[in-house]
Amino acid sequence: MDTDRPTEDATDLFVAELQRHRQQVFAFIFSLLPRRADAEDVFQRTCETLWRKFDTWDRRSSFRTWACGYAWRQVANFGRIAGRDRLWLDDDLLGRVAEERTVDLDRHEARLAALNTCIDTLGDHERRLLDSIYRDKQPMKDVAQRMGRAVQTLYNQLNLIRRKLHQCVRLRTGTSGGQA
Amino acid sequence: MSEKVSIEIWTLLEAVCNETASSEQRGRLRSLVADDSEVRRLYFEYVDVHLGCMEIVAARSAPDVPTHLRPRRRLRRTLLVTVPAGVAIAVALLIAARQPHERAHGEISSSEVPVPRSQTGGAPPHFLPEPAPPSAPQPSSPVVALPEPRGSSDVASSVPRTENLVAVLRRAPHELVASLRVPRPELRTPAGGCAVEHSTGVMNLVSGAALGDKARMDEGWAVIEATAPSARTQWVIAGDMACTARWLAWARVALEAVASSRFADTYAPRLHGVRQAVQASAVAVRGQAGASQRMRPIEAALALAGTESTSSNAEIGRALHAQTADGLFGARPACDAHLHANDVILAHALLARAPEDSVEAAARAAGDWLVRFMKPGSTGLPDKAGPDACEYAQPRRKLLRWALLLHGVRFDPASVNRSETPAPP
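Chains A and B supply the protein sequences, listed in that same order. In this text, residue positions in the first sequence follow my numbering: the first is 25, and each later residue adds one. In this text, residue positions in the second sequence follow my numbering: the first is 1376, and each later residue adds one.
Okay, chain B solo, but in the shape it has when bound:
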């Protein structure tokens, strides 16, 4: 290849990869490629650099960076799961925890919802705002039993033993749905986030099922169905795998809430339709769980755990292994603490679907890390100064509260109290 051709070939390759090549340039490159194997080799190499940049740069900026593409000591810059999504999952998990018992006693309608009080005579729980005055009888038994604390007796006595989660839900959606009122039926929001995280879909279905509020459930259905990936199969393979995975995971949570509610028969056809969408999406999610640039292992595992596949267990195992191997549950820069709170919530979501030792250990480790790195006496976290400082931001506090609550309910009762500690001014 002559020097003149060499200079020319670079210009042509650059124009092609920049998608600015004229028809004359394309024609010239065609003739060079046709005549010279060295040019073809250079072309393949250059294309791989161009595609590699797409892959690597995008992966490094995503929160689910594959280990081999992740730069060292670089902060992850984007929130994987927004606060509303985390809260939706947290609420769903709490509902899931109460469902077996509730089913045994029949569904509780909204008019029958009692005000939360400890069933053992202790103080009411502190992790949510003080409840409204009682307006209905209490249920005959607690819906969630907190585990015995493993710490000191002082800690044990200060922790609520039980919580009426229906009552929690009555207040939590009110607090949260206010910021989630705008349905976004498109898969991605204008800002690029996954719509399902910002929508009222999962939240309204889950809370509506628990509260017996059909109007709320109808609103949830409208959004869930509009965002179903099966409605536009283009999404499945063409690059929105992360949103598909999240939709899949949360749709499963919502489906289970509806299926176990008294509205299961009413919504049977819709349940069937969404189940089909879940199954259709699952194939693609499973195919790309490890390769997608924007899907983290734990999220993939969560999605996979929701599929009815004989191979899911093995895939969950692989996803968890990757999750652990890439240090996601290890210590990381403080400004990633809010992401870590998300991890705790996701880990509990996964645990609800795949109650295995490895998942439990990962969830416990994630929660322990969160507690260990919290500032004493506050819900803030140690943080660096500067424009990226993340401590005490209101959305993050809310997320931390839910993460601590979940950790407390399952593993460490003292965390329940930590979750309600106010942040310093």
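Chain A with its partners taken away, still in its complex shape:
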């Protein structure tokens, strides 16, 4: 038997679990490494590691928690390989944030669902800006040039939209007691 890879049945299970928790694992990594290109890089390495180590997962335990454990290690490894300056948290804080985030992911799905509704409440102009930034993934300076606006103006607008969405999400998920 190939010890590097799961069996066929395990492959199916792995695929299903990864599919179910993919967004949350990526959100976990992004929280520790909030630069999209770096987070995607680490996510890919994490997936490969999970695939190789899948037979070590205790099926009675949470796949998400197990996966986040490997993701955490990959983030730390990334810091060693790519340079400490790519990480914004030191090892101690990284561990603390990772631990809290693993628990916080319980609310991730509810936030996403609320956000989906909240985006519908935005005006046309706000949605167009979101489209340009998030869908078309255009650099802000290109968007600004196309719209004939200053880059900082668009950043300000984008920041306001995200605050608005954040507030809306808080209201909808019942966490509006704090600062928002």
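Just so you know, not all the hints are guaranteed correct.
Stated by the list, open to error - Listed next, the stretches of chain A that the computed footprint assigns to chain B, with coverage defined by at least 3 CB atoms under 8 Å from CB atoms of chain B:
| id | region |
| --- | --- |
| 1 | 40 to 51 |
| 2 | 137 to 144 |
| 3 | 185 to 193 |
Calculated from the structure, these hints are not laboratory results. All C-beta atoms, glycine included, are put in the ideal place defined by N, C-alpha and C.
Keeping the supplied structure of chain A fixed, place chain B upon it in accordance with the hints.
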């Protein structure tokens, strides 16, 4: 958290998510996060809003929007499958339909390709340009038998009963390859489309196999191999799943065409190499078929149907369920009609790989919808006015013709005639 800190934290969070934070700002956020659990909670929430925007906005703009992320009454703005890709699949399907018979009679070389004529003495088919004069003997028997029409006898008599698909191919690639001549070996085109849809790879392999044209096949191999996702595994997980899925589905179509041709032995090592790439890609496609923002259920199902996995059937079932549940085969705004034509083609492609009742019913429903909403006496579709108007555009007409042809061959012979009706000026 004080008001001052609150204002500061927002600025820092925004800078981090905009990827514009200075090292001082990152340091300040680090210290705030380290000291205050409320800040950490806010940070997690804000990150989720930022990531959620990426996910939702991208998903809403993609043609394969997951049902739970799709806004109501919003037109899908991008073509999922380009016309060349749709046509390539259509041609491949027609080849697939003829292969069993042809294998029984030996391969037909290009010099032996006959001119299409109905084998039952009726008129030649009308859905493609009039064929060139005969230059070779006809095959001994038809390669495709159209089903008996279920409509009136008038309709039945007007529909060609048979078609020589090798001859169809002789003309179809000429028409189509002219617009597909530039190979694009990179996974994505500069405009962001999937290269495999724009390339000559699948088209040339499939048509070359059918026509016995080795030079054309060599050209196809070059593109297919250059676009194989296994050559750059980064593609597989890092976000180009849609292209990978399409590559996977179409590579399978091309592989089968080559494997059943007389060049199977000649290309055995290359077949093996591409098969390995297909299998390697399949694992990742299966893993993300339901989660990818840019992969529609039917496309995922098509890719999965091409994999040799014991779980594929169940996954196809789930993908089809999602396909039906999200209304993809139901009525939708007229400007999406060209997308619907793509759906018909994809549904037939899926049916060729997974001949199950549910797939057949979905394919039939998709084709029926297309026919029902066509304007009488034309290949145009009802449409809204304005800059997004899509009726009678040449690429869409071509796509509609192929979709109607496929629907006609399998389900509704009258559609074959509809497919050749010229559009009004």
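Evaluated hints:
1. 40 to 51: Answer holds; 6 residues pass the 8 Å Cβ test.
2. 137 to 144: holds (count 5)
3. 185 to 193: holds (count 5)
Taken one by one, the earlier hints all hold for this structure without exception.
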